[in-house]
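Student: Taking the hints into account, I'd like the entire structure generated from these sequences.
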Amino acid sequence: MPSILFYIFAILMITGGICVVALKNPVSSAMGMIGSFIALAALFIGLNAYFIGTLMILVYAGAIMVLFIFIIMLLDLKKESKKEFHVINVAAGVIIPLLLVMIICPVFISVDKDFEILDKKALTAAEASLPESEVPKDSLIRPKLREGEIPDVNLIGQKTFTVYNFPLQVVGVLLLVATIGCVTLSKKLHGDEAPADADDDGRMAKTIAKSKDIPKVATLNGPDTEHSENTEVGNAADSVEEIEEPTEESPTTEEEVVKPESVAESSKGKKAKQSELTLESDKKSKTVSAKSTTSADDTDLPEHATTDEKLGLIYTERPDDADDLTEIKGVGPVIVGKLNGFGVYTFKQISQWSPEVVSEFDGLLSFKGRIDRDDWLTQATELHANK
Amino acid sequence: MPTASLTEYLFFSGLLFAIGLSGVIIRRNIIVIFMCLELMLAAASLTLVAFSRANLVNGLPDYDGQMLVFFIITVAAAEVAVGLAIIVALYRARKTISTDDLTSLKN
Amino acid sequence: MILWLLFLLPLVSAALIHFVLKQKLSNLASLIGTVSTLATLVIAIMWTNGSFSTPDSWSWISVGSFNASIGLADDQLAKGMMIVVCGIGFLVHVFSLAYMDKDGAKARYFGNLSLFMFSMTGIVLAENFVMMFIFWELVGLSSYLLIGHWYKKDTAADAAKKAFLSNRIGDFGFLIGILMTWMLAGSIVFSDMDGTAFIGSGSWMAGAAVLFVFCGAIGKSAQLPLHVWLPDAMEGPTPVSALIHAATMVAAGVYMMARFFGSVGLEARAQVPAIEVIAWIGAITSLVAALMATQQDDIKKILAYSTLSQLGYMVMAVGLLEPDAGMFHLYTHAWFKALLFLGSGAVIYACHHEQNIWKMGGLFKKMPITGFTFVIGTCALTAVPFTSGFFSKEGILHAAHGTPFYWIALGVAALTTFYMFRLIFVAFFGKAKDEHAEHAKEVEFRMFAPLVILAVMAIASPFLGKLIPANDFTPDTAFHWNEVTIASMIVFLIGFAAAFVIYRGRSSDPINIPLFRNKFYIDEFYAGLVKWFQDILAAIVHFLDEFIINGLLVGGLTRCAQGTGNLFRRNCQSGNLQHYALLSGVGILIAIYFTIFS
Amino acid sequence: MLTLALILIPLLAAAAIFVLGSAGARKIAIGAAVANIAIAVAAISTSCSGFTLNVLENPNMNLALDLHANGGISVILLILSVIVTLAAVLSGTCPKGHEGLWYGSIMMISAGAIGAFIAKDLFFFFAFHELALIPTFLMIGMLGRGERKEVAWKITIYLAFGSIILLAGILMIATQLGTFDMTELKPLALYQNEVALLLIIGFGTLVSLFPFHSWAAPAYASAPAPVSMLHAGVLKKFGIYGLIVVAYKVAPDGMAHWLPLLLILLLFNIIWVGLVTINQRRLDTMLGNSSVMHMGYIFLAIAALVDNGSSFAMQAAVLLMFAHGISIAMSFCLADRIESKTGTLEINQLGGLAKNTPSLAFLFGLVGMASIGLPGLANFAGEIMVFFSGFEDWSHADGFGPLQIATMIAIWGVVISAVYMLRAFRNIFQGETVRRTEEVTPLSFNEKIPAIILGLVLLVVGIYPNTILHFFN
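Residue numbers (this note's numbering), protein chains in the order written: chain A, 775 to 1161; chain B, 2 to 108; chain C, 393 to 990; chain D, 3 to 475.
Hints listed in this document are in silico derivations from the structure and should not be mistaken for laboratory results.
Among these hints, one or two may not hold up.
Incomplete in silico selection of chain B near chain C, CB under 10 angstroms [unchecked claim]:
(1) L22
(2) S23
(3) V25
(4) I26
(5) I27
(6) R28
(7) R29
(8) I31
(9) V58
(10) T100
(11) D101
(12) L103
(13) T104
(14) S105
(15) L106
(16) K107
Every value quoted in this text rests on a predicted model; they were computed, and no experiment measured them.
Glycine included, every Cβ here is placed at the ideal spot set by N, Cα and C.
Tutor: Now the structure itself:
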């Protein structure tokens, strides 16, 4: 093919490529793509690769581009509207390829190899030198060569089914897998009720079926993406486990010691800990409240006192007959402050504590079993008796 | 085309490859990026064919190169099929295919 | 072997009392303590007429070239000192049987007292510097425990801490001195120290060694820079002050210097210039202490300052290369100062723990024995002729004759007479100024018996030849009438007259010199020094330590490590496809470049 | 075989505790500790051959886990670690539900320490020490107090940093000498200075030498009592053991080359950290800093060993190490008792504790006096020998050399330690009782046992140091 034709098709190919990149509308860029592929096929033909050229047009220009246009139409993409240019991106996009080309040119120049002209004489010489094992005597290739034309398709066929037989089968399988893939991907879109297991597609289908009316995507779609969203936000918090820790001056009520197996995900905030407390102790509370309410004398509750299932009888605010708890041996003003904080003001309350309440307070005051060791209960009952 | 030597072919395929790469970097729309990807594949197959024509094996063009192009084309076809299916699914899930909004991979 | 008993008996009693007998058996504890001191006294007396062979030393640590051993020195110095220690120890024990009778922690008191006796015997009998240093610190510990006996009182606890710390500062210098002498004199054992090598190492080096060793004496005998702890040590019970802060412990410094000079043979050798410094420190301490004593109101404080002043005398004597005179004064001073302190203890006990002399008065009539023995003690202290103080002070004056120290010594003698008779007139004569003093009555037998014995010793001690801890120092050899003795008598009369005129029948102190009353503001100066130098510096250092080492170096490293981590995280994992494509493009480019062009 | 048992028993106990959970954890731990003491005594008295297991045999590098309880230093440190383990197991109150972790990690730390001291192979010498670090991190991080998280991370990363440098040094040694065996250590042909520097910094970090000391005090303050006892008392001695046994044998000229640096650092250690200790408000940070300060004296002994090859500097360092290990363990045990009694360790919030708990006052007084260096207790014997080794064969002709000046300044450290220890004792125990110390109940007997054991050891070694020193000849 005389060089003029070569240049025409080459330039056509390049402009097609540039159209793909430059044009805003995806459809027009698809058209540019097709033009480029056609020019490319022409170049292949120029290189005596007729089979590949035709294949190019058939597969690329024909099948793939059509698929592209079909998908563009399916998703009815408008022109890229509002996106203003990211100057850096564009600049980078231009500079990097230019640099690439500049680097590659010296390589190409250093190649400077001309094509031999495959005229009749060269071809007959080639046919003579064809080894018997590859091309048997009676194959169609030999007479064509002798006539001076290249039986491109035959040669490729011969090569495919002798040397590249196994890869061919593999490619076949590949295509099969691709088709099955497309089918499963697309089938889910408007398929029936997917199995209830928790894999992503199933949920997505349900939500999409429901979510026809919801315009914006962020709120409701597939919990897994949602999940990934908030874990993304969440994981920044995970790196620093912040368990609320009281300041220095009240070391005695240091935070409840974390159980070893829960140390990994113990990074939940204050409210979570409260819920954890109530959760963990609800089964205990049923027995406690039963006992404390039926305790000895005062069945009816004194004014603004409540029975807390964990802490036994407590006052919401300071009653007038509050006792001086420091009289109990082993209770100092610091502890009294904490006890009042929990609503314990009188000896009667302490005397009525059940073992669970005692272990509860033991944990809260984190005094490691001090209440039983200095047995506050008996002291409280005596002090209450002779009050 | 004996007059056009191998370097022109390689030069133009390099140019086409560069254009494909710039397209991938510049454009925001996934489908166009996908097209530019195909462009880069085509550029690669051009060099292969050019070389297969340039290196003669006992007088004939070296058909191994062309066999490779053959496989490239088939794989590209499969790839496009699956790729587009994913893009459609993505569009249905996110209602957008602009790369700016799809950054869930961000750390 | 008996000598080991002499040495270990107090330890056994201390251990027994501390670990076995607790509060409920306190009477038994006090008895054990007293009996053990009596036994040591008997052994000491028998030892003085040379009836025991000295046992060989027991090696405590012997590794490589360092071998410290526990052994007993056997010379007149040690024997005489043992008599002083055990004698006064026994009398103090008897006195405190009564004085501490009603005290809650009596067992602990007697335990600590026995511990003190053990450590004091350790210092006296030490035959090498390391053993002496060991018991030096143990004595510091026992004085800490005894001063802080009533540890619930804040002042007592602070006084104990102050005493221990100033002793510790003294020990700092002492240890350096020991290390230097170890190398200079070739050995730490007193008997085989090489005096010539010590002096031969150059007067500057030998002088430095002597001065460092003297630091130990400054710390222990409360010389000028480190004297602040002795007056505060009066917080402890009075028998403790009598035993420790008058007679024995504070004298340990002078004893050590005497032994050190003896073993290195300094007194015969040429003058080492540094020894002048010792004499000056002694003289200045005695002068300053005497001045301070004139203005004190607390009976025990007066006696404490007088002890300081007398110690200054002894150190001056040692500084004038007359350790024997110093030791002789130490020996006599121990007896009459113990007498004075126990006397003041009896007075305080009688006046229900009233220590201010201006609230006493007319006690001579009410407490005749205590009063009479107290006056004898004062006469001995103020060197009334033919009392023990007269002979020993005259010895020192004689040593200082012809040097500038002579005049200082005379001045101090006058001041001593002045403040002692001020005390006598205000406290014992005139009329009772307070109802406590009004119905003070004589103390019981166990308290005044020691006073009587001590009074006898205050008079007779110079004549007990063999017991004097000085090699060849007996009154008849050293004493001779000359102008020194006449001068000291004149000075006595001046002091007595001044005190008589000013303080006879007074009810309040006519002279008021705040400089002396506040002890030359040295305490405040030290407090400021500690506050500024130590606490502020510590705070700065702590801040620097936190800020620079913790903050910058360590913290800095961690922060920049985290920074690069975040930088990488934010920029390279931006989730933007283009970004990834760009980076891969750059990657390809670099790869190609390097493959082709390098 | 006995030496192998020394390591196996704690490890098996730890495994049993982890498996059985918190059921009989305390009893197993005590049993293991007591058994360990018995075996240690047996191993030392019979001086048995020890145990060798060849792990790796190839021409240029053989690796063998060989444990021998011979050689003065490792025997003494073995005794130290065994005693402190028993005391650590008995002291401290384990929060309910965490017995498994608590006693398991004590056993692991003790196994690591014992292993490190009796291993005669550089690799296992290093590996056992690393084994002991992990449980320390877990215990401080999960069961500690104060801002335990940061402190746990800090100590682990810091010691890892030290260990890496140490590993570099060890590898340089092993490659040059061709063997990991510690018995065949001989001065290296080349790179002595570099190896010495690596070892000094590596071991220095593990022993909290001056610039690398900022991990020590907060770690011991936040750690639960047994961990700080074991770590300050035993594990810290690993560094010095290494310096004496490995560094001095392998690179004597290298160490001599770095002597001025070592002297300056140890003086900073004593004076700078001393002043920092004086400024501490809490008792446990004060004790942590004081343990950093006491390391300065031991480094002085090593400097003396390096400088004038003093004949008894090594014995001095080992005796002081032993004494300091016992006394710091006892003080942390008592500090923990004070905290459990009064709820705080702020020195100015306490006062007059002696009235209600006289025995605690006596024991703390004993250990306070020991750490000051009072004669009759173990520390004094060590300290006096260290100071004497500083002045060994010093000739007055050339005046005071650097080592002598360093010794003199170091002696001032004795005063500094007296200042902060007495100030603490005075503020906590003496004087009037304050709000917090009024309702304090006296110590029960089994709370006193660990302190009594350690106190007795201090007294015995103090009165007759040859009980420890005779292991050398």
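Student: Now tell me if each hint is right for this structure.
Tutor: Verification of the supplied hints:
For L22/B, the interface hint holds, the least distance from its beta-carbon to any beta-carbon of chain C being 6 angstroms, beneath 10 angstroms. Given the 10 angstroms rule on beta carbons, the hint for S23/B holds: about 9 angstroms separates it from the nearest Cβ of chain C. Look at V25/B: its Cβ gets to within about 5 angstroms of chain C, closer than 10 angstroms, so that hint holds up. Against a cut-off of 10 angstroms between C-beta atoms, the interface hint on I26/B holds, since the closest Cβ of chain C lies about 5 angstroms away.
Interface restraint check for I27/B: the shortest CB-CB distance to chain C comes to about 8 angstroms, inside 10 angstroms, so the restraint holds. Taken as an interface hint, R28/B checks out: its beta carbon lies about 8 angstroms from the nearest beta carbon of chain C, inside 10 angstroms. At about 8 angstroms, the closest approach between the beta carbon of R29/B and any beta carbon in chain C falls short of 10 angstroms, and the interface hint on this residue holds. The interface hint given for I31/B holds, since its Cβ lies 8 angstroms from the closest Cβ of chain C, which is under the 10 angstroms cut-off.
Hint status for V58/B: violated, given a least beta-carbon distance of 27 angstroms to chain C, over 10 angstroms. A hinted interface residue such as T100/B counts as satisfied when its beta carbon comes closer than 10 angstroms to some beta carbon of chain C; here the least separation is about 4 angstroms, so the hint holds. For D101/B, the shortest C-beta to C-beta distance to chain C is roughly 7 angstroms, which falls under 10 angstroms, so the interface hint holds. Evaluation of the L103/B hint against chain C yields a held restraint, the C-beta minimum of about 7 angstroms falling below 10 angstroms.
Against a cut-off of 10 angstroms between C-beta atoms, the interface hint on T104/B holds, since the closest Cβ of chain C lies about 3 angstroms away. Contact between S105/B and chain C, as hinted, is supported at the beta carbon level, the nearest pair being about 7 angstroms apart and thus within 10 angstroms. Because the closest C-beta pair between L106/B and chain C is about 4 angstroms apart, less than 10 angstroms, the hint holds. Hint status for K107/B relative to chain C: holds, with the closest Cβ pair at about 3 angstroms, below 10 angstroms.
Of the numbered hints given earlier, the model fails hint 9 alone.
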